[in-house]
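The whole structure should be built from the sequences, with the hints applied where relevant.
Residue numbers (the UniProt record's numbering), protein chains in the order written: chain A, 1 to 357; chain B, 1 to 270.
These are calculated hints, taken from the structure and not from any lab test. Be aware that a few hints might be false.
[To be verified] Some, not all, of what chain A presents toward chain B, calculated at C-beta under 8 angstroms:
| no. | residue |
| --- | --- |
| 1 | R17 |
| 2 | V51 |
| 3 | G170 |
| 4 | H212 |
[Said to hold, decoys possible] Listed below are the simulated DSS-like cross-link pairs for lysine-lysine, each with C-alpha atoms no more than 27 angstroms apart in a straight line:
| no. | chain 1 | residue 1 | chain 2 | residue 2 |
| --- | --- | --- | --- | --- |
| 5 | A | K278 | B | K151 |
| 6 | B | K135 | B | K112 |
| 7 | B | K251 | B | K192 |
| 8 | A | K225 | A | K278 |
| 9 | A | K225 | A | K129 |
| 10 | A | K225 | B | K75 |
| 11 | B | K112 | B | K67 |
| 12 | B | K67 | B | K32 |
| 13 | A | K225 | B | K192 |
| 14 | B | K75 | A | K129 |
| 15 | B | K192 | B | K32 |
| 16 | A | K351 | B | K151 |
| 17 | B | K112 | B | K151 |
| 18 | B | K151 | B | K135 |
| 19 | B | K75 | B | K112 |
[Said to hold, decoys possible] Distance ranges between label pairs, derived from CB positions:
| no. | chain 1 | residue 1 | chain 2 | residue 2 | range |
| --- | --- | --- | --- | --- | --- |
| 20 | A | T99 | B | F116 | 20 to 26 angstroms |
| 21 | B | D25 | A | L120 | 22 to 28 angstroms |
| 22 | A | W306 | B | T156 | 52 to 58 angstroms |
| 23 | B | G155 | A | L249 | 42 to 48 angstroms |
| 24 | A | A31 | B | N42 | 52 to 58 angstroms |
| 25 | B | G125 | A | G157 | 42 to 48 angstroms |
| 26 | A | D146 | B | F116 | 28 to 34 angstroms |
| 27 | B | Q89 | A | I128 | 25 to 31 angstroms |
Keep in mind that this is a model prediction, so the values were computed, not measured. C-beta: ideal position from N, C-alpha, C; glycine also.
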Amino acid sequence: MAGFSMRPCGDFRTSYRQDTRIFDTTFVRYAAVCGVVATALMPFVLDGYYVNLFIQISYFAIAALGLNILVGFTGQISLGHAAFFGFGAFASAWINTHTGIPVLLSIPLAGLLTAAVGLLFGLPAARIKGLYLAIATLAAQFILEDFFARADWFTGGSSGAAANPINVFGYEVLDDFSFFYVCLFFLVIMYVLGSNLMRSRDGRAFVAVRDHYLSAEIMGINLTKYRLLSFAVSSFYAGIGGAIYGHYLGYVSAEGFTILLSIQFLGMIIIGGLGSVKGALMGTVFMVLLPEVMETGVSALSVFDWANSTAVTDGLAYIKEMAIGLAIILFLIFEPDGLSHRWQQIRAYWKLYPFSY
Amino acid sequence: MTSPEPILSINDVSLVFGGVRALSDVSFSVQKGELFSIIGPNGAGKTSMLNCISGRYHPTTGGVHFKGQNVTGMKPNARAELGIGRTFQNLALFGHMSVLDNIMVGRHHLLKNNFFTGALYWFSGAQNEELEHRKFCEDVIDFLEISHIRKATAGTLSYGLRKRVELARAVALRPDLILLDEPMAGMNLEEKEDMARFIIDLNEEWGMTVVMIEHDMGVVMDISSRVMVLDFGRKIAAGLPAEVMANAHVKKAYLGEEDDEDDSVSGKVA
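As structure tokens, then:
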């Protein structure tokens with residue numbers, strides 16, 4: 001019923017085509033387009049610090065959407081997402097360096113390669129669910145981490161691998177300013193593809209498998225196929241995100257892709273909202289910005305004399321970490337459905353304001 | 001019952017769980033266009049029988065043939081593609097999806113788009129295909145009179161409506177054989193009447209063969225073309241509703257009446 005009360009007055013749908021749009025009202029659709037345009041203009045106005053933050057958000061958000069497809073939409077769990085993210089980074093660097101395929105092409109190819117690896121490590125999902133699957137994916141995390149450290153030919157082993165900068169039609173993307181647009185391009189494409197997937201046949205099948213796998217099977221959905229497919233799609237996204245990350249840093253080393261990052265990915269989608277495309281983006285923004293906001297808050301304290309003593313400055317670093325943890329815990333308690341759900345409620349509130357009934 | 005090839009035939013199906021015999025050598029066949037009811041006391045094996053047909057369980061011995069094809073070892077999703085749809089006794093909707101999406105899931109095996117063409121939506125023809133099937137789903141929605149809730153989240157609906165959405169989802173499969181597990185359980189009289197009307201329409205207008213489990217004797221006797229009675233996993237009677245009602249075994253097993261006529265004549269409470 002919520003769908004109806006959210007409709008603004010006079011915005012009618014007269015065809016099924018209108019009824020299946022990604023953005024459900026005209027206003028929201030234009031707002032989204034304006035949002036993308038405004039983001040595209042951002043580097044002209046804001047300084048490099050914010051541009052860098054946006055780039056971080058982009059590659060993490062792409063990978064987080066992948067994890068949300070697996071965890072939020074299909075109801076499986078993965079503790080190895082960071083390993084797939086890392087595999088994408090190494091794969092793209094390797095493809096580009098060893099075959100000379102331009103980076104813009106090697107990124108999707110790395111995505112495909114990661115999808116294949118994800119499919120392989122997703123095989124246990126054909127038989128097991130829940131906590132057992134979590135442990136099986138944990139194995140993927142450690143096996144891949146070990147692989148990164150040992151496979152010299154692929155990853156450069158402990159010394160890491162160099163990733164060439166992106167080359168667009170002969171123009172080398174070296175600075176953050178131009179890389180920003182590469183990120184924006186991939187971010188928009190991947191999120192549009194994700195939204196489309198979720199409103200077509202296989203996206204519905206994912207959700208059906210999550211909500212009631214027995215009746216999904218009776219409805220003609222091949223459970224094994226969709227459980228594995230979900231792993232493949234999820235890893236594809238992780239691979240794309242990782243590849244962008246690798247080419248952004250210009251250097252990929254195995255240390256960055258630990259279980260901690262996997263947990264952070266899970267944090268992003270839980271905070272953003274499980275089973276929501278925009279939730280993955282919101283959660284990533286939250287997780288990337290939270291430490292920065294904390295940092296700003298802590299440095300604002302330095303105007304006080306007491307805050308400049310060694311004991312306090314040492315302690316503040318820990319307090320910052322703890323505050324991030326606290327924020328996440330508070331979120332889970334007060335907003336278990338995530339930011340996207342809160343966003344829906346805010347929208348509903350303003351739609352009806354000042355008559356709340 | 002003389003038409004040559006039954007749409008569904010069950011041959012000596014037994015189902016054993018450890019030491020429990022849920023079904024013992026049950027055989028029956030259903031002709032195309034029939035409205036076939038299975039009745040029996042609780043624990044008689046009715047739902048187990050339905051599970052053997054839809055593929056949830058595989059019979060320990062015996063075979064299930066659908067449209068002349070042996071489907072005994074087939075997985076449920078393969079059977080759905082062959083044209084077997086079903087509803088569940090305990091509601092099994094996709095709780096977080098909208099009613100419309102639930103019904104669209106029923107179109108799964110008829111849709112051609114996949115994760116790749118689906119993601120490319122506008123450029124791959126997936127959109128047109130989705131909209132085409134949406135039209136069919138809207139027909140089902142109109143038929144089952146649930147258009148007012150098509151956008152509601154399935155998990156928030158009342159019991160009677162959920163049962164109806166579940167039926168809609170099974171109908172969207174466009175099955176040749178639809179299995180209904182207690183479609184009227186927990187409904188009030190008005191809802192039961194609606195549901196009975198839908199089942200008759202499905203049978204007569206949509207041309208679906210119906211196999212139904214139902215406890216409401218009034219409904220079963222009114223709308224079924226044939227009835228089979230199970231008790232402790234055995235088939236104890238089958239035939240026209242009137243014949244089955246008159247069967248002494250059935251009375252004893254299911255309706256709980258005493259064999260001895262004198263009891264009822266003398267008005268003694270058994």
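Practice prompt. Kindly confirm whether 20 to 26 angstroms is satisfied by the beta carbon distance between T99/A and F116/B.
Written response: At roughly 24 angstroms between Cβ atoms, F116/B and T99/A fall inside 20 to 26 angstroms, so the hint holds.
Discussion item. Holds or violated: K225/A and K129/A, Cα atoms, limit 27 angstroms.
Written reply: holds (15 angstroms)
Discussion item. Does K32/B sit within 27 angstroms of K192/B, going by the straight-line distance between their CA atoms?
Written reply: Cα-Cα ~25 angstroms, so holds.
Worksheet item: Holds or violated: K151/B with K135/B, Cα cutoff 27 angstroms?
Response: With Cα atoms ~15 angstroms apart, K151/B and K135/B stay inside 27 angstroms; holds.
Worksheet item: Lying within 42 to 48 angstroms: is that true of the beta-carbon distance G125/B to G157/A?
Response: Check passed, 47 angstroms falls within 42 to 48 angstroms.
Discussion item. Just to be careful, I want the Cα atoms of K112/B and K151/B compared with a cutoff of 27 angstroms; is the pair within it?
Written reply: holds (24 angstroms)
Discussion item. For a C-alpha distance cap of 27 angstroms, please report whether K278/A and K151/B respect it.
Written reply: holds (20 angstroms)
Practice prompt. Given the hint that K112/B pairs with K67/B, test it: the Cα-Cα distance must not exceed 27 angstroms.
Written response: Holds - the C-alpha atoms of K67/B and K112/B are around 24 angstroms apart, at most 27 angstroms.
Worksheet entry | Restraint status (C-alpha distance of K351/A to K151/B at most 27 angstroms) | OK: K351/A and K151/B at ~18 angstroms, within 27 angstroms.
Fill in: Beta-carbon spacing of D146/A to F116/B - inside the hinted bounds 28 to 34 angstroms or not
For D146/A and F116/B the Cβ distance comes to about 32 angstroms; the hint holds.
Worksheet item: Is the straight-line distance between the alpha-carbon of K75/B and that of K129/A 27 angstroms or less?
Response: holds (19 angstroms)
Practice prompt. Could you grab the alpha-carbon distance between K251/B and K192/B and see if it respects the 27 angstroms cut-off?
Written response: holds (24 angstroms)
Hint check: violations occur at hints 2, 3, 13, 21; the rest are consistent with the structure.
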